[in-house]
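Engineer: Read off the chains here:
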Amino acid sequence: MNKHTSDITDAEESLALQQAQSVADSDAATELAMQNTLLTPRFYTTDFDEMDRIDVTPVRAEWDDLIADMVADPNKGHFKKNEDWDHVDWDGMEPELKKEFLDFLISSCTAEFSGCVLYKEMKRRGSNSDITQLFQLMARDEARHAGFINDALREAGVAVNLGFLTQKKKYTYFRPKFIYYATYLSEKIGYARYITIFRHLEANPQHRFHPIFKWFEEWCGDEFRHGEAFALLMKTDPKLTRGFNVFWIKFFLTAVYGTMYVRDHQRPAFHKALGVDPDWYAHEVFTKTSKMTEQIFPITLDIEHPRWQRNLERLQKANVDMAGATGLKKIGAQVRAGMAFVALFTIPVKKHQAPASVRLEPVY
Amino acid sequence: MGLLTKEFERAPCTVEISHKFESLHAHVRFNNGAVIHPGDEVQVHGPEIMAPFGEIVSEDREATIIRASKLEQLWTRLTGDFEVMELCEFSFSEEVTL
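Same order as they appear, the protein sequences are chains A and B. Here the numbering used here is used: the first residue of the first sequence is 1, the next is one more, and so on. Here the numbering used here is used: the first residue of the second sequence is 1, the next is one more, and so on.
Source of the hints: derived by calculation from the structure; they are not laboratory data. Treat the hints loosely; a few may be bogus.
DSS-like mimics (lysine-lysine), calculated; alpha carbons at most 27 Å apart, straight line [unchecked claim]:
| no. | chain 1 | residue 1 | chain 2 | residue 2 |
| --- | --- | --- | --- | --- |
| 1 | A | K80 | B | K20 |
| 2 | A | K169 | B | K70 |
| 3 | A | K76 | B | K20 |
| 4 | A | K317 | A | K272 |
Using the sequences provided together with the hints, build the complete structure.
Structural biologist: Structure (structure tokens):
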């Protein structure tokens, strides 16, 4: 595994990394005191010819509506600090919470940044004007989100280092359809995650320990629109949601839900401060995501099945055991994690008819 | 491109880094139309480019593209998909316990 920015949590390691890279920052004097976090997005290629062949004619009316909405840029003025941005007492924050919350911000920033890199690459390599316009608009949103999170990190004394471009980097490859399934789900689940936290904090403002959560409502509107765009892309080619691809859809749903469950349980102090039970949160997010994905996927996972919660917990437990273990113990934990995943994956799905019209409105 | 041999080529490129509040982004653009394929590696030469907060820095540099061998390209195409979960927003933290 590559070293990821979010791995760097202690100052010594950051410093060592900083020295090793002999950072020549013109702002070095002020930046030196800051914890330096190197962003390390991955670089991807895909089958750009295949993407160029996408023809949005079957969904033209809905497509044009969505693009017009994105061009109008309803969130243009949103990502600015105003009087709602309360003072954050980073020094007074409980250390465990601070650590988990910084990890949350850094991983979110990396994700937005990686999305930007991926979308921009597609924009640049493609020649189909519908597709390149969409990716340009999405790259714009992701860069804006990353900038906003970066500013919150700066307040906390964490400097993001963009020096990765001069390091040697290898380009991996994803098939276009895997990008559609993964990013579609990622955007929709992102919307569900942001809006669930936002609504919860609206009802329980005493748990809002950082002002960034106040921005989540409009923020997730961008995620929502990106998801809509991928739904329309998939709608242009019915094969993507039929036949053996239904197996892949089930795989991605299970993997994405499972990953989210495991990751969220790594941040107990963060969820406690928000006043959110991670099990309740996961169930809430899965319910909303499943409802939305009915717009394009012919199946949803049966998250009320008795095996569902039980095996999520087994997966999480095995994952924790894996981290600290070596040798046979580690293999044992890996086998248990694999078995839990298979148990989740083999739960019978709920089938339904996808509606004729794809477009949804954000209603949560 | 050989089945097992890597090839090296030089390409002029422009690196743009934006470290502004409105937009945090960074890109490399090859100025000779060079195209990257699965498994290729890219090394931009010269010192690390740092954009101070609030600025956009754009520099012309030289890059080396290390072309993957035919076999490596095939391998990357076959196995790259397994890493696709990286695209998910919440999957970046590698540590199980923070």
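Engineer: So, for every hint listed, does it hold in this structure?
Structural biologist: These are the hints, each one checked on the structure:
Using a Cα cut-off of 27 Å, the hinted pair K80/A and K20/B holds, with the two alpha carbons roughly 12 Å apart. A C-alpha spacing of about 18 Å is found between K169/A and K70/B, which places the hinted pair at or below 27 Å, so the restraint holds. Simply put, K76/A and K20/B have alpha-carbon atoms about 15 Å apart, close enough for the 27 Å limit, and the pair holds. Annotation: proposed proximity of K317/A to K272/A holds, straight-line Cα distance about 19 Å (limit 27 Å).
No hint from the list above goes unmet by this structure.
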